[in-house]
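Chemist: Residue numbering for the sequence shown follows the working numbering, starting at 2 and increasing by one per position.
These are computed hints drawn from the structure, not numbers from a lab.
Where hints are given, some of them may not hold.
[Unchecked claim] The following label-pair restraints were derived from C-beta to C-beta distances: (1) G67 - P5: 29 to 39 Å; (2) D71 - G30: 33 to 43 Å; (3) A70 - A13: 34 to 44 Å; (4) A68 - G29: 27 to 37 Å; (5) A70 - V27: 32 to 42 Å; (6) G29 - A70: 31 to 41 Å; (7) G69 - P5: 18 to 28 Å; (8) G67 - A13: 15 to 25 Å.
Heads up, the beta-carbon is just placed ideally off N, CA and C, and yes, glycines get one too.
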Amino acid sequence: MTDPVVTATEVADALVGDDGAVVLVVSGGQHQVLRLSLLGQAIREIAATGVPMSRLTDELVGRFGGAGADPAADVVALVKQLESAGLVRVDG
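Whole structure, please, built from the sequences with the hints as guidance.
Modeler: Below you can see the structure in the form of structure tokens.
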């Protein structure tokens, strides 16, 4: 089984601060402003040029620690949320 690759998608604008980010997403002529937590913004930063899901998990655990019993499953769930908002793409 191949390791899916997560890649951050382009946003129209972003304001990044110490507590996360606010991004402007344009899709189908619609504009949407989304607030990202530190974790969500970290995922987008790490995945800027594409990163395997396993490496993304390792990077996040290194930055934030492993809070749950299954950090890999937690990261997959977070990535799915970002993907549904159009903020990352998952290939593989």
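Chemist: A separate judgement is required for each hint: does it hold in the structure or not?
Modeler: Each hint tested on the structure:
1. G67 - P5: 29 to 39 Å: violated, 20 Å
2. D71 - G30: 33 to 43 Å: Since D71 and G30 have Cβ atoms about 39 Å apart, the given range 33 to 43 Å holds.
3. A70 - A13: 34 to 44 Å: holds, 38 Å
4. A68 - G29: 27 to 37 Å: holds, 36 Å
5. A70 - V27: 32 to 42 Å: The hint (32 to 42 Å, Cβ to Cβ) holds, given that A70 and V27 are roughly 38 Å apart.
6. G29 - A70: 31 to 41 Å: holds, 39 Å
7. G69 - P5: 18 to 28 Å: 20 Å Cβ-Cβ, so the 18 to 28 Å window holds.
8. G67 - A13: 15 to 25 Å: This hint is violated: roughly 34 Å between Cβ atoms.
In this structure, the hints that do not hold are numbers 1 and 8, in rising order.
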